[in-house]
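With these hints in hand, go ahead and build the complete structure from the sequences.
The lines below spell out each chain.
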Amino acid sequence: MTEWDPKIVAFCCNWCSYAGADLAGVSRMQYPPNARVIRIMCTGRLEPEFILRAFELGADGVLVAGCHIGDCHYVSGNEKAEAKIAMAAELLDVLGIDKRRLRLEWISASEGRKFADTMKDFVDKLRELGPSPLKGVTQ
Amino acid sequence: MTKIEKIIEDTGAFDCAECGKCTSLCPVAKIDPNFAPRLIVVKAQSGLGEEVKADKDIWSCVTCEICNNMCPYEVDFTGFIQRMRSEAVNMGNVPACSQAGAIHTMQRLTGKGQKQNRLLWLTDDLKVKDKGDVYFFTGCSYQLGVLFKDKAEELKRVPASVVKMLNAAGIEPVVSNDEVCCGHDLIWSGNEAVFEELMHKNIATIKATGAKTVVFSCAEGYRTFSVDYQDFLGDLDFEVKHISEYLLDLIKQGKLEFKDTNAKVTYHDSCRLGRHMGIYEQPREILKAMKVELVEMPSIKEKAIGCGVNAFVSCSEVSRKMQLDRLLEAKGTNTSAMLTFCPKCLIHYNCMLRMEKKPPELEKAEIKLRDFSNFIAENLKGSP
Amino acid sequence: MEKAESSVLVIGGGVAGIQASLDLADKGVIVQLVEKEPSIGGKMAQLDKTFPTNDCSICILAPKMADCYGHPNINVWTMSEVIGLEGSKGNFKAKVLKKARYVDENKCTGCGECLEKCPTKGLPNAWEQNLTTRRAIYMAFMQAVPRVAIIDPEHCRFLLEGKCGVCKKVCKREAIDYDMKDVEMEFNVAAVVVATGFDVWDPTRSTEYGYGKYPNVFTAMEYERIINAAGPTHGHIQRRSDGQEPVTMAYIQCVGSRNPRTGHPYCCSVCCMHSTKESMLAREHIEGIKSTIFYKDMRACAKGFNEYVERNKRDYGVEYINSDATVQGQTEKGNPIVSFDVAGKSHQKEFDMVVLAATLVPSKGNVELAKKLGVELDEFHFFKMQNRTLDPINSSRPGVYLAGYCAGPMDIPESVAMGSAAAAKAMEALVQRKVFA
Amino acid sequence: MSDEEKRIGVFICHCGSNIAGFIDVPAVTEYVKTLPDVVFATRNLYTCADDGLTSIKESIKEHKLNRVVVAACTPRTHAPLFQGTCQEAGLNKYLFTFVNIRDQCSWVHMKEKEKATEKAKDLLRMGVARARLLQAQDEVKVGVTSAAVVIGGGVAGMSAALSIADQGFPVRLVEKESELGGFVRNLSSVYQEREDAGALLKTIIDRVRSNPNIEVLLNSEVISADGFVGNYDIIIDTKGQERNDKVGVIVLATGTREYIPKGLYGYGQSPNIVTLTEFEKLVKERKLPKLSSVAFIQCVGSRGQDKSYCSRICCNVSLKNAMNLAENYKNMRGLEGTGAVVEAAAPKETPSEGGERRHGRRGRRGGAEESEEGGASEGPKLEIVIFNRDIMAYGVDHELMYNKAREKKVRLVRYTPKNIPKVSVDSGKLVIDYWHDTLQMQRRMTPDLIVLATPVTSQADAKEISMMLKVPLGQDGFFLEAHVKLRPVDFATDGIYVCGTCKGPADIPEAVSQGIAAASRASIPLARGFVQPEALSAFVDSEVCSGCGNCIEVCPFTAIRKNEHGKAEVTIAACKGCGNCGATCPENAIFMNNYSDEQLLAEAKAALQEAKG
Amino acid sequence: MSDFEPKIVVFLCNWCSYAGADLAGVSRYQYPTNIRAVRVMCSTRISAHIVLELFKEGADGVMVSGCHIGDCHYINGNLFTKRRVKLADDLLKLTGVEPERLRLEWVSAAEGEKYSQVITSFVKKVKELGPSPVLKDPKLVTRLGAAVMAAKYFRSKTLTCKEVKLTAKGNVYEEVIGPKEYDLMIERAIEDEYQKSLILTLSSQEARSVIELAKEIGQPTDRILEYVVALRAKNMLALDRIEGTTPRYRATIGGA
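Protein chains in written order, with our numbering: chain R, 1120 to 1258; chain Z, 124 to 507; chain U, 13 to 449; chain W, 3 to 615; chain L, 129 to 384.
Take every hint as true, because none was put in to throw you off.
In the DSS-like style, the derived pairs of lysine-lysine whose C-alpha atoms are separated by at most 25 Å in a straight line are: (1) L:LYS255 with W:LYS117; (2) Z:LYS444 with U:LYS345; (3) Z:LYS481 with R:LYS1203; (4) R:LYS1203 with Z:LYS272; (5) W:LYS564 with L:LYS290; (6) U:LYS357 with Z:LYS179; (7) Z:LYS454 with U:LYS225; (8) W:LYS607 with L:LYS221; (9) R:LYS1199 with Z:LYS272; (10) W:LYS113 with U:LYS181; (11) L:LYS255 with W:LYS607; (12) W:LYS115 with U:LYS129; (13) W:LYS607 with L:LYS214.
Derived from the structure by calculation, the hints contain no laboratory data.
Bear in mind the structure is a predicted one, so any value in this text is a computation, not a measurement.
Here it is in structure tokens:
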């Protein structure tokens, strides 16, 4: 593992953030290739299990991106997501996984830039944090 | 000998005389007449083990051990179910876990070797040690409290409550951040491999502290150490005790005092603590010592109705019906709280009580679920 | 005191002990029959009818009880227990403690006047399975032999407080003797017959049947008293909760037996048949009653038993269901709900009344008695046979013989036969003593 | 006697206030004095008390009483006491009569003193009327021949013979086969302890052979028996040689034979379909074929299939054999060693005490090897299935064996009469198609050997013996005892006793127990040396008797027979005085001692006279 | 009729009913005072003629009580009791005395309460029937006398003891007779015996003609003639004298 590079799983809501990511692409905005994006219909669909599983399977960070509060295509899905992410973060903390490895961002369909910046910033943060503590042992 | 034959052998399933007593007692069979414990065992005996492995019934069992407890021939039904589940998983018959499996994942994650922050609850006023005779196995109360914030947040306070009680009796327990999940939900959902890993870690951790006694507040952890660990490892190097046993001794020695309370409560025998481990009287005696009035529900001790779920693998209509029956019994006691030592019971009953559309019979129910250890700690002399 | 060479001690005045005593006495042997209860007769006296002939139990037993008591060669010691046995086969010295009855057996005529006047009422009548009450002075039961009253020292006001004395006042025969003391006696005997019978197991210890919790769940022994014309309800079948006549009844077999967990892994050999009999009698008491028997194996395996069961099915419409059953709750009307399994399907059914075939277990006193007699018990506290196949009558101590349920589960004819057999063995011991003395 | 002056004394008991409280006893006493032949009447506070009894004795002497009437509680409890008192005073006890004025008068008419008093007077008048006709009776003593014959030399018969002999009486043990042992000779092992049956038999036979009081007569039969209790003349035929003998008592222990299941479950179609006893013989002779799968089918021909009864022992015998196969198959085939057929009988399982083991688990996952029996490594396991309706594992040992058999993986499959297993033989291969009732599915097994558990049945000569001894057979063909509950080894006829499997299916300990029990009963008349029945018996007036035989037909105790003149004659020693013959005799030639027509009518008619005074 | 106190004789078997009656006393179950019990060893002892004799003596009622069927101390005595009471009952009907005055009951040693109930109801019944008409009516006395005689006859007695044999095992021709057929057979036989007895009784008082007898008995003359012929054949009846053309017969053996 000389060439460690953070692996990120990004859950993006269909209506805002996934569109935002598309926009970043359409706009040829460059950002690190560390993220694997998973489209979900709404961040409200997000189960804490997804986050935990992502880390279990080797993710160094998990990004959850949804519509801004008030913009949710399903009225309040993102509010619920907020609560769940907070809970997941707390759990990660107990489990000894730095809660900074989990990030929630509101990215609208028009915020291609924000998407690219978030990614860059997250990868930088993760580089600072180093590899997921779960790694070394699972090999 | 095939694996199934070995399971039949070990669990004494061949002793079954097909009397049907297990079915007559089974709470699941009462609600789902197509489910019959004896049928599962007889099938396996009669060379239809593959069918048993593939059947959903293997997950319908709530492993409450009413059948085990009453089977005249001591057939270990739940043991049989537990081990057949792992066979079932191997052939692809997997359970539909609650919370999409987050609880199981969380438990698996405790054992990955990272430095956890298990002791976040440990405040400065609590006195603990790194090495010593008495080890307190905190279990995943705190984590579950986090995960089920809306249903059972008080679980986060349980470890602190236990330490507080022990401190009050002049005991500084060992707690360890290296502890991992006991593996209860994993073995009951057919994941023997990870269960074994976790088990060995825990044993090593406890060994390192030199503890002679390990105490538990969580009913499941207590059962897992007492039965499953010993099933794999034989006798352990330390004594396993439930906090209710341990505290009762301390109370009898006069080391614990309680403040006056005119609380009126009812007590729920969780299946793990009660039928699995035979602890019925100690919690009741503690209440007596606390001068708390205990109003019993109609079904108690070996007949207590369970929460209808086990290891988060079998939440169904059957579970709902069992929960409702139990809560109605609790309601009937007209007490302020139903106490229990099992974190899962707390979660599952609260799950029903906090449903948006809860059954009409429960509309006006004032009943509250409370963790027993928390309840004791709150009523220690001198606590706020 | 009688000479050892012509005397035998028989412990237990149930049907096995009575038979042993009569056989010996008819051969001219002096029998010391020791019974711990106030009357001889044992458990058979409590039964209503006997299977498979539905003979009236007390009718056929009472003549034997009377014969036994009146036999010139039999000394019946009621309220008595053996407290020691020294010596060896052919020459034993037995110590017997006769507890104070506080009523002179030779004077009391059994008139019962005192029973009506005694002011201490409402004590549970154990003989009637506590379904009715008695007073502090009482008669063991209507047909008791000897028909002599007895004072319960734990409740008699005079014995406790020195006040009252009503019974003494009303007894013109002057049979009441408050100063009576326990008496220790010693007998020289050549052999000993142990026939201590059984106790009925208390099913409150098995919570799955709800006995003691649901009022309309009864034990078979309670039920025997209920259907008995001389019993607490004069033979009318009534529910405990409301006194109503039941229309549907369930009988549950193997309650506490065939269950290693209760410490009784064995089969008590008689419950299948007594439940069959009881369901038959229910039908004779109440036209149109529907009975169901839940069983594990229908052990109708002695003379006429299988036919009896078949007749019960055919002529009395009694349903037999092959499932162990339990009582899981009761309805608002107090009907116990019976839960059972037919072909792997769970069923729940309510009945007006449930009768539990509670198992019969070795007499509680066996442990103590075995110590005093110096004989061995088996792991279930039955008296151990020297060799089950060859010498089933001999205990582990030469000269001490076994009869009836105390040696293992058996029904009345087997107990009677074993009573006779023990008498034969005791007689052999007497003969040997004469020959070799 | 009838001409003698009658002097009746009457004693009326107050029983404290039990009688006197509800009946005007003085008035009754005065009334009684007016009755004919009453020369003395008195009343006592308690007639049964010492002073009461003394008064009876003194009055008998003082007033030369020759009849005594006591009016008190009930004869059922107190008649023997007063009879004894009369005897002490030299008065024959049959000259005493009892009038029940308490249990059947004062206690049941507590609110009608006047009427109860009238009734008491009537009852006493009745009693006195009866007393006037009482006759002194001598209880007949009949001597007893001090010897017994036991018919049948199986375990029951041998046990009976041994016990009678050990009680000091000579016994002829008559066995029709050429050796002792009976049915047990067929068996390889004894299921209680699973010990060698041959060794067990040898122990008993040695005891019999070495007992000086027992004469063993092999190849012999009792061909004639005449007489009554204490006095039987019998003829024993030994290979054509007849011997006349006299015995006091007869014990029947003629044993049983196995039912042959012709046409059932393919019996006869394959050498590998055998009965349970044939299986035992195969084992005993070490001719067991090589097996990998064995099926036992229970209740073949019993419980309604042909015989209506359950044969009691076959379930346990099958369980024993199944367990022997499971544990000890190698030894049973005799492939190894030459020791006893069953060497390695497992130690008796100690069952756990109440509820301590909460987890019934027998093996641990970690400790697999140590918990495994050696058997697993010895090639493929023997499949054993017992098709049964109910397993009759009654009692302690059987039930423990039943539990143990399941532990040894003996499979028990229940069938119902509606769905019996079907056996077919397909080109030499055995097939059983059966319906599994719990699983609710049709299944099939292909065993190498099918063992049919058939019932034991009565012996071919049971009917003959029954006619010879005039003892009854039940519907099932087994001998019928006097009372199924309280007289299990007696016949209604005194002097003849029954034990073992000729009376119904029984296992070895039961047969032994019954044998000793029959010995106990049989040695009562032998020990007494005489029989002395109560003087209640019937008498036939041979002048009047027409020899119709009605009385012989109704007598339940075979106490009446036709004598050489063709007249009925009562064997007093066997008569119990029920009066059936008396009521039946069309010539009124039978007179019942102590309960004659005359006495009954006098007593009853006295009730119909109006009381005077 | 309120002051009528009937006299009723009750026969009790020693083992069950007498014990049951004692138990009624021990348990203080009250019942009317009208009964007078006679103890016998077994109810089977009571032949029909004993019962009829008592009616002839003016008994208002007679009851026979034994063990329940199957409980008999003498194995099956009470089966015969049943037959014998039926015989008495049949004859009673022929005499014209109300058959309700005779009752058969099974009372066990445990049935004290039943005993008191049975007695109470029987006494009530007899009170309803009123005093026995027998003693006031010489004709009835004669008829009962004939009934007693008939009950003692060979045929009646023999038939009553053969029930088991005839209905279960068959007669000498191995013909099994059904229970109903058997009842009918007995009824016919008993009627014959009764009529014959009556003829004998009447003709023992004075010599009688067939027509006279027919009138007295209330049967057709041809029937009476048949009986007369039969009785003459057995030498039980002899020609006394001929009055005109009318033969008059006299019994050679005493009537009742």
